[in-house]
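Asks: In case you want the letters, here they are:
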Amino acid sequence: MTDQSEDDAATPAPAAPAATASPEAGPCRPELVLSRLEAGSWQEVLTAMAELAERSGFGAPTLRDALLAREETSPTGLPTVIPVAIPHADAEHVRRFGLAVALLDRPVRFGEMGTDDNQVDVRAVFMPLIPDADKQVGFLMSMIGMLKDGSWADAIQDQDPNTIADRVNDLLGQQGAG
Amino acid sequence: MPERAVVVAHEVGLHARPAASLVKEAAKFTASITVRHGDKTANAKSIIDVLGLGAGQHAEVVLAAEGDDAEDALDRLERVLSEG
Chain C
1 MTDQSEDDAA
11 TPAPAAPAAT
21 ASPEAGPCRP
31 ELVLSRLEAG
41 SWQEVLTAMA
51 ELAERSGFGA
61 PTLRDALLAR
71 EETSPTGLPT
81 VIPVAIPHAD
91 AEHVRRFGLA
101 VALLDRPVRF
111 GEMGTDDNQV
121 DVRAVFMPLI
131 PDADKQVGFL
141 MSMIGMLKDG
151 SWADAIQDQD
161 PNTIADRVND
171 LLGQQGAG
Chain R
179 MPERAVVVAH
189 EVGLHARPAA
199 SLVKEAAKFT
209 ASITVRHGDK
219 TANAKSIIDV
229 LGLGAGQHAE
239 VVLAAEGDDA
249 EDALDRLERV
259 LSEG
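Top line first, the protein sequences correspond to chains C and R. Take 1 as the starting number for the first sequence in the numbering used here and just add one per residue. Take 179 as the starting number for the second sequence in the numbering used here and just add one per residue.
To be clear, the hints were calculated from the coordinates, so they are not data collected in a lab. Be aware that a few hints might be false.
Unchecked claim - Partial list, computed: chain C residues near chain R (C-beta under 10 Å): (1) L78; (2) P79; (3) I82; (4) L104; (5) M113; (6) A133; (7) D134; (8) L140; (9) M141; (10) M143; (11) K148; (12) S151.
Every residue gets a Cβ at the ideal spot worked out from N, C-alpha and C, and that includes glycine.
Could you put together the complete structure from these sequences and hints?
Replies: Structure representation (structure tokens):
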């Protein structure tokens, strides 16, 4: 017979949200940043980011499957100057407002949003985590404003997660979000 | 140029999937098509433009089209936006 304390020890506890940024700092937190992700497919990218979001207390356990299912039917690659993807899931799969960011070690092919079969070789992935559906459109508009001209890349490439989070929040703030 | 004012019906407004549906439908027409929301105007065939409009549910947008199939395009896109 196993006592309760051993059972508890064998069950991974959910990671507490890291206290590396104040709540006022903006949606991108260092614990949601993968500064150099090696992945061979969009499924691997989304899995890594969903697991990070769940461990950090931002994503529900259902987030990964929800992201994969949605990306399969509604791809989110964007042919911006520097191609990006903006995968996301419905509010029910999100626990806290945040923005996860992954800079990819090498481009990963995603389907292009708004087309039936075009593809884009994505260099970075920005995953909004929005538990309030009413805020999705406004946040997306700010994110697109930040991403469309490619200048964001100079600010965050080859930086550590803390710096990336700070600079992404600054850039979003300039677009009216944060 | 024919125009059509339409209220966005989708419950999350012109978020990713509704915006993608609009762009896919717009691409089926040869006409030049724009969507105006407030002081912003988007090429209806550009997903980046359309996402940048920030049009939420119940927002009024104005569709405009120019070309041989402009009226057909407006009819179709009006349905996409108003059906939610």
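Asks: Against this structure, judge whether each hint is valid.
Replies: Hints and how they fare:
1. Interface restraint check: L78(C) against chain R, minimum CB-CB distance 6 Å, threshold 10 Å, status holds.
2. The criterion of a C-beta within 10 Å of any C-beta in chain R is met by P79(C), whose closest approach is roughly 7 Å, and the hint holds.
3. At about 12 Å, the closest approach between the beta carbon of I82(C) and any beta carbon in chain R exceeds 10 Å, and the interface hint on this residue is violated.
4. Taking 10 Å as the C-beta cut-off, the interface hint given for L104(C) is violated, the closest approach to chain R being about 19 Å.
5. A distance limit of 10 Å between C-beta atoms decides the matter here; for M113(C) the minimum to chain R is near 5 Å, and the interface restraint holds.
6. At its closest, the beta carbon of A133(C) sits 6 Å from a beta carbon of chain R; the interface hint therefore holds under the 10 Å criterion.
7. Given the 10 Å rule on beta carbons, the hint for D134(C) holds: about 8 Å separates it from the nearest Cβ of chain R.
8. Of the supplied interface hints, the one on L140(C) holds, with its beta-carbon coming within about 6 Å of a beta-carbon of chain R, less than 10 Å.
9. The criterion of a C-beta within 10 Å of any C-beta in chain R is met by M141(C), whose closest approach is roughly 3 Å, and the hint holds.
10. Satisfaction of the interface hint for M143(C) is found here, the shortest Cβ-Cβ separation to chain R being roughly 8 Å, below the 10 Å cut-off.
11. Here the hint on K148(C) is kept, as its CB sits about 5 Å from the closest CB of chain R, short of 10 Å.
12. With a cut of 10 Å, the hint placing S151(C) at the interface with chain R is violated, because the nearest CB-to-CB distance is about 15 Å.
Checked against the numbered hints given earlier, this structure breaks hints 3, 4, 12; the rest are met.
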